[in-house]
Amino acid sequence: MGLVVFMVSGMSVRAQETPAVLAPRTAIVVASKPFGESYLLCEMFAQLLESRGIAVDRKPGLGATEIAFAALRADAIDVYPEYTGTGLLAVLHDSLTDSLAADPRRVYAYVAQRSAEVFGVHWLPPLGFQNTYAIAVTRQTAARLHLHTLTDLAREGRSLSAGFTADFIGRADGLHGLARVYRLEPRTVRPLAPAVKYQALVSGAVDVVDGYSTDGLLARYDLLTLVDDRHFFPPYEAAAVVSPRLARTRPDVIGILGLLSGRLDEALMRALNRRVEVDGESVHDVAALTLRSLGLVASRRTQPVVANDTRATFPEYMWAQRSTITGLTLRHLELVLVALLAAVLVAVPLGLALERSRVIAEPVIRGLGAIQTVPSIALLAFMIPALGVGVVPALVALWLYALFPIVRGTYSGVRDADPDAVEAAEALGMTARQRLLQVRLPLAAPAIMSGIRTAAVITVGTATLAAFIGAGGLGEPIVAGLSLADSRLVLSGALPAAVLALLVDGVLALAERIVAPAHRRRRA
Amino acid sequence: MTATALFETGAPLSFSARAVNVHFRDTIALRDVSIDVPAGSCAALIGESGSGKTTLLRCVNRLVSPRTGDISIGGADVRSFDVAQLRRRVGYVPQHGGLLPHWRVLRNAALVPALLGNADAIEAARRAMSLVGLDPDRYGNRFPHELSGGQRQRVALARALAATPGVLLLDEPFGALDAITRADVQGAFERLRSDLPVTTLLVTHDLAEAARLADQIIVLKEGRVEQRGTFVDLMHAPETAYVEALVSRAISAASSLVPS
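Chains as they are written, first to last, in the working numbering: chain V, 727 to 1250; chain A, 19 to 278.
Hint data in this document are derived by calculation from the structure and do not stem from the laboratory. Please note: incorrect hints may appear among the correct ones.
What the hints assert, rightly or not - Pair by pair, the computed Cβ-Cβ distance ranges are:
id, chain 1, residue 1, chain 2, residue 2, range
1, A, A37, V, A1237, 54 to 62 Å
2, A, A259, V, T1157, 41 to 49 Å
3, A, N39, V, F1108, 52 to 60 Å
4, A, H163, V, T1050, 49 to 57 Å
5, A, L214, V, P1075, 40 to 48 Å
6, V, P1075, A, A194, 30 to 38 Å
7, V, A1235, A, R156, 33 to 41 Å
8, V, L1067, A, F42, 56 to 64 Å
Stated by the list, open to error - Covered stretches of chain A, as calculated for chain V (at least 3 residues, CB under 8 Å):
id, segment
9, 117-127
10, 157-163
Virtual Cβ for every residue (Gly too), placed ideally from N, Cα, C.
Take these sequences, add in the hints, and give me the full structure.
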């Protein structure tokens, strides 16, 4: 079969240089970053391509800028929506003179040119709207302190506490820049997840938050956006960015995606985001209606508008989502079991080998422990250049995390197994192999199994993060729910994940009792 | 000569060490040690911890390799045997018994004959248990932790004897027992030796125990043999001040137990 594939591809190369045949992958991978507007644009790209008969593989909610862009330049994904300001500051790590930065078209031209030169990544013409950072306060706070501009805010800064996303706090075009340009120094700055930021603001826990100018949630909470009177924020024009492979080989796809260029504006985006983030409409439906109203997709009443289910109780909601949740749970379990099995197959022999050469045992185990301290998101991001996005890098990362507890359990379990008994077994003529199989491993079994249990529970938890690199699983609704401030969506992933962790732990607890040495089993 | 040929008869074998020197990294554990133990007799190795008595014992079943010198059993150098075969033919009882905790008592006792591939391993284990005064029907099906300390040491002794070894090594086998249990197990061992002559090397720090059980006593100090002889020899003609002190301490400890 491999031979046939080889021959076919070989012939087609000789016959004609058809890019689509040369490409190993047929479906176009359309991705997004994990926030509402990005999901929506991703879905619009996907439906637009599908309406022209092009197969699409959706990977919404990839990590953040670093992961999405790394995946794009490695051809692991083909297209996702990005913003020129982000491209300039967070990807190119560049800056522009003030006069240049004030002109959106010149920023776009510069970013597009540099991205193509440096990464081979291409920016399609802008979609037609900007989504810049917006600093927001409640109307009551604005009225009380007479706040209209960021200069006003800086004046009152010392009396205010801020709740900003971690992204904003860390970025040069975020808090650092505001402090430099406006001398804004809030009394306290709390890093807050997007999902809780607005609740924190309206409940009075913080006085000021960062948001996006097209953010549907700004409208939901009736917040006031302060004017950037010194033009600090660069233009953030939205555009589709496409991978080097796609730019090289699929002019047809580029052409179709280009149909959206210039067709969206800020008022429209704000309204669309609001429908998704505030009214709880599905991203799929909003994208479909928008494409139809823009005349890009033929009007077909294929499906009746689904009744807004925001009033459904949580159990009803979960029941309605049961097939989705079941599918995600199975994928999650698949990730966990494959990673765990591979880890057991490597870690148990490794633990045994280390016990026989103890000089290198400590350094090796410490090295594996160090992997444990790498934040999961960072580890997942490291996988992308070599392994792309999807299931494989997620499995490798989960496997790496699972190694440590199992190696340590095996090593210390075998090392510490009843030394008197092990020595007597040697002195009475058991061979090394007999001692291992008949004495040391049976006595170490509880420690090995408890290592496997720890690894399993860690893996169930960490696997939720696999959604950030498009591997699916129960992290998908969690990431989407956090981005859309939809707690039901979060729970629809988090609850099954918690149940799964308990189940896996329970099954392994049973296994632990079965492998326990006879004398311990009897007492239990 | 193969281990099988030498050991097969089940008869006790003589033991000798010739000019044995053992070094551990930067310390010298044994210096020029030579002893002879006639077949069927019992020799006690006595000394403080660090005197080298356990090291000498471990040279016999090759858990320790001397730097120089020869160790032989029945006239054959221990290095001439396959190491696992040698160990299966030399009985060994460590201080804490070293029973396999996950095996039932009878299986523990049958370990060595089973390793030797004897078809009647279980039968041999049952005989050995009876020999040390444990009813195999009553105790054989228990796990070691279900026995008392004295019973566990008897099982360890039965395990060491089940394959009728040519030489028996006892490393302070009664040391971890309380006084009454110790006297009890010592008595069992004494009775056993009258039924079953087995060449025995007994490591102990208790001179009274050595006097009770051994035909000859070898006093070790800092890796050297201080004196060899019977208890009467040591008492009447101590060759060094150390031996004299050892004897007088043992006597005063014994007399303090006599009711006034």
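Here's how the hints hold up against the structure:
{"no.": "1", "hint": "A37/A <-> A1237/V: 54 to 62 Å", "result": "56 Å, holds"}
{"no.": "2", "hint": "A259/A <-> T1157/V: 41 to 49 Å", "result": "47 Å, holds"}
{"no.": "3", "hint": "N39/A <-> F1108/V: 52 to 60 Å", "result": "57 Å, holds"}
{"no.": "4", "hint": "H163/A <-> T1050/V: 49 to 57 Å", "result": "53 Å, holds"}
{"no.": "5", "hint": "L214/A <-> P1075/V: 40 to 48 Å", "result": "45 Å, holds"}
{"no.": "6", "hint": "P1075/V <-> A194/A: 30 to 38 Å", "result": "36 Å, holds"}
{"no.": "7", "hint": "A1235/V <-> R156/A: 33 to 41 Å", "result": "35 Å, holds"}
{"no.": "8", "hint": "L1067/V <-> F42/A: 56 to 64 Å", "result": "44 Å, violated"}
{"no.": "9", "hint": "117-127", "result": "holds (count 6)"}
{"no.": "10", "hint": "157-163", "result": "holds (count 3)"}
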